[in-house]
Amino acid sequence: MKSLGRFYLIATLVFLYTPILVMMAMGFNESQLYELPFTFSTRWYDALWNNKILLTAGMNSIIIALITSVVATALGTMASVALSRRTFRGKSLLQLMLLPPIAIPWLITGTAMLIFFYWSGIGRGMHALLIGHVALAIPYVVLVVGTGFRTIRADLEEAAMSLGSTPVHAFFSVTLPLLYPSILGAALFAFAVSLDQFVISYFLATPGYTTLPVQIYSSIRKGFTPEINAISTVLLLGSMTVILIFARFAKPGDTRDKR
Amino acid sequence: MTNVKVNSVAKTYGTTPVLADITTEFADGSFTSLLGPSGSGKTTLLRIIAGFIKPDQGLVMIGNNDVTDVPVWGRNIGMMFQSYALFPHMTIAQNVAFGLERRGIRGAEARRQVDRALEMVRLPGFGDRTPKQLSGGQQQRVALARAIVIKPSVLLLDEPLSALDRRLRQEMQVELLRIQRESGLTTIFVTHDQEEALTLSDKVAILDKGRIVQIGEPETVYEKPLTRFSAEFLGDSNFLTGAVEDGAVRLADGSLIKSTSILPATGSTVTLAIRPEKMAIASGSTAENSIKARITTVIYAGPVLSYHLETADGLPLKLFAQNRDGTVLKEGDEISLTWSAQHTVAVAD
Ligand SMILES: Nc1ncnc2c1ncn2[C@@H]1O[C@H](COP(=O)(O)OP(=O)(O)OP(=O)(O)O)[C@@H](O)[C@H]1O
Ligand SMILES: [Mg+2]
Chain A
1 MKSLGRFYLI
11 ATLVFLYTPI
21 LVMMAMGFNE
31 SQLYELPFTF
41 STRWYDALWN
51 NKILLTAGMN
61 SIIIALITSV
71 VATALGTMAS
81 VALSRRTFRG
91 KSLLQLMLLP
101 PIAIPWLITG
111 TAMLIFFYWS
121 GIGRGMHALL
131 IGHVALAIPY
141 VVLVVGTGFR
151 TIRADLEEAA
161 MSLGSTPVHA
171 FFSVTLPLLY
181 PSILGAALFA
191 FAVSLDQFVI
201 SYFLATPGYT
211 TLPVQIYSSI
221 RKGFTPEINA
231 ISTVLLLGSM
241 TVILIFARFA
251 KPGDTRDKR
Chain B
1 MTNVKVNSVA
11 KTYGTTPVLA
21 DITTEFADGS
31 FTSLLGPSGS
41 GKTTLLRIIA
51 GFIKPDQGLV
61 MIGNNDVTDV
71 PVWGRNIGMM
81 FQSYALFPHM
91 TIAQNVAFGL
101 ERRGIRGAEA
111 RRQVDRALEM
121 VRLPGFGDRT
131 PKQLSGGQQQ
141 RVALARAIVI
151 KPSVLLLDEP
161 LSALDRRLRQ
171 EMQVELLRIQ
181 RESGLTTIFV
191 THDQEEALTL
201 SDKVAILDKG
211 RIVQIGEPET
221 VYEKPLTRFS
231 AEFLGDSNFL
241 TGAVEDGAVR
251 LADGSLIKST
261 SILPATGSTV
271 TLAIRPEKMA
281 IASGSTAENS
291 IKARITTVIY
301 AGPVLSYHLE
311 TADGLPLKLF
321 AQNRDGTVLK
331 EGDEISLTWS
341 AQHTVAVAD
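Quick mapping for you: the protein sequence lines, in order, are chains A and B.
Per the numbering used here, the first sequence starts with residue 1, numbered consecutively.
Per the numbering used here, the second sequence starts with residue 1, numbered consecutively.
There may be inaccurate statements among the hints.
Stated by the list, open to error - Pairwise CB distance ranges (calculated):
1. B:V328 to A:K2: 55 to 63 Å
2. B:P88 to A:L33: 31 to 39 Å
3. B:H192 to A:I108: 38 to 46 Å
4. B:Q170 to A:V14: 56 to 64 Å
5. B:G39 to A:R85: 22 to 30 Å
6. B:Q133 to A:A112: 46 to 54 Å
Stated by the list, open to error - Partner residues aside, some chain A positions facing chain B, computed with beta carbon under 10 Å:
7. M97
8. P100
9. P101
10. I104
11. R153
12. D155
13. A160
14. S162
15. L163
16. P167
17. A170
18. S173
19. Y180
20. L184
21. S232
22. L235
Just so you know, the hints here were simulated from the structure itself, not pulled from any lab data.
Quantities reported herein were computed from a predicted structural model and do not represent experimental measurements.
All C-beta atoms in this analysis are idealised placements derived from N, C-alpha and C, irrespective of residue type, glycine included.
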């Protein structure tokens, strides 16, 4: 059983990583047409360094993802607190309404947003992208943080209150530290949702302000160069570092008690 | 040290009354158990005293202060939860120091008090561990240390021992009683376990459907139950029903049963409660009361023999007999049971 499990795990990882590794390798290949034999070269990285459009789009993506992550995590965590610890009218309806956006195809959400933003005068551009991404990420945050909440017993806060904590102090001294891994995970999720986002960004970007996926898409239409591989590699290594740092603190997929 | 008073407290959830007009007092330094079936309102009463629930009406007094409108964190209570509720991200010492810190006690003084509290629960030197590194019983002790280190006005415990296995539970009962006696804390203890209630408490309060049906010393509640419910809930009991006649009770089969209880007026119906261990298998004819019955089941439990019987009228009875000479009666044997008037208690239905 054990060796079979390991085999599946390895097979899954091979499947996931092979295309990525090939993509990364091709960024270091001299040939513009991805021809073999492989000749090592940093030519595409030099080209990338001079490709201001691609770099700006990359920077935009990261900034938007960061802001989205912070704002969506703050708002989503507050929503989770309200949903998990308070009772109020219409709570179960609100709770229910948070989930469908995750399942609604992004194309539909994006179209709806475009129409609504156009109609309401919000328009397109960076601010529109931010609003769209935050709205998109909040349900994920609520889901992740809400799941974290469920693992924290309410009587911990009660114990703190019996010892003299106000509800606010109890939340910050007991609940928040325990919720910390979930909040970090949610922030990461929000970051990824934003960084990954193509459809909605495509609708809300302007010619002067695009994100990396949108820019890559328009570059591909003009012609694929290994510069794309290069920037993808940079981005990949960046996000991998963030995720691995996170994984050091909270082991995802490992629910065993750490004794 | 302080007493706790509850005055006309009532609580209703939706349309279900959970507590109905409870008035009682918990004396300074006393240990009171709240005992009652599931859903009788024990937890609700405890949480109203703690301040987690606001009663619909009535007053809660701790010492001379009316705390009805004071929130939990202003009441200076010590509380122990069934699930221990230790803070998993803090060490044992930090857990115990939590309430001290809220009271502005820090540094060396806090350390001294934490050490003393951990010694009191016999866990000296455990301060640097985390809750996960302790056994269930040890965690329970830490929870107790954390609750008492703040010198609370009242110690509230909601079935704190029910998650422990039997042996550990008995050990913790002894510890709890010792610590309660040493600290002199007014203690209110919710339990399902009648034996636990009897052995630990100065007073036992029996709750039924949101009312305290009887409160008193364990012996009084056990020996002189006021209602059929308390007689049945605390221990086992046999019940005989008859009509009052000449200061005694005439049963349907014609026999006359004597009781030292004050009986209602002649002619009225009354229920008598007799503990199964107070009855004996007839040896002579000197007993004040007797009844004939047939054995239906014999339960051999080593030191004690437990017989289920049935009278000619089909009334079920129970008898507990010490296994003194090793003779065990058989199913179907017809015997005569005897007991004294003093152990025949008139109870309200
Ligand atoms: N928040 C609530 N909303 C509605 N009903 C409640 C609530 N809390 C308690 N009740 C009801 O009040 C009654 C008393 O509950 P309580 O928890 O006080 O009982 P208990 O004596 O502690 O029972 P147990 O021995 O099972 O712990 C129960 O019928 C319960 O269903
Ligand atoms: Mg309860």
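Results of checking the hints against the structure:
1. B:V328 to A:K2: 55 to 63 Å: holds (56 Å)
2. B:P88 to A:L33: 31 to 39 Å: violated (57 Å)
3. B:H192 to A:I108: 38 to 46 Å: Once the Cβ atoms are compared, 55 Å apart, the range 38 to 46 Å for A:I108 and B:H192 is violated.
4. B:Q170 to A:V14: 56 to 64 Å: Once the Cβ atoms are compared, 57 Å apart, the range 56 to 64 Å for A:V14 and B:Q170 holds.
5. B:G39 to A:R85: 22 to 30 Å: holds (25 Å)
6. B:Q133 to A:A112: 46 to 54 Å: holds (53 Å)
7. M97: Result: violated, 26 Å to nearest chain B Cβ.
8. P100: violated (31 Å)
9. P101: Nearest chain B Cβ about 33 Å off; hint violated.
10. I104: violated (37 Å)
11. R153: Result: holds, 6 Å to nearest chain B Cβ.
12. D155: holds (5 Å)
13. A160: holds (7 Å)
14. S162: holds (4 Å)
15. L163: holds (3 Å)
16. P167: Nearest chain B Cβ about 8 Å off; hint holds.
17. A170: holds (8 Å)
18. S173: holds (8 Å)
19. Y180: This interface hint holds because 9 Å falls under the 10 Å limit.
20. L184: This interface hint is violated because 14 Å lies over the 10 Å limit.
21. S232: violated (39 Å)
22. L235: violated (34 Å)
Hints 2, 3, 7, 8, 9, 10, 20, 21 and 22 from the list above are not met by this structure, while the remaining hints are.
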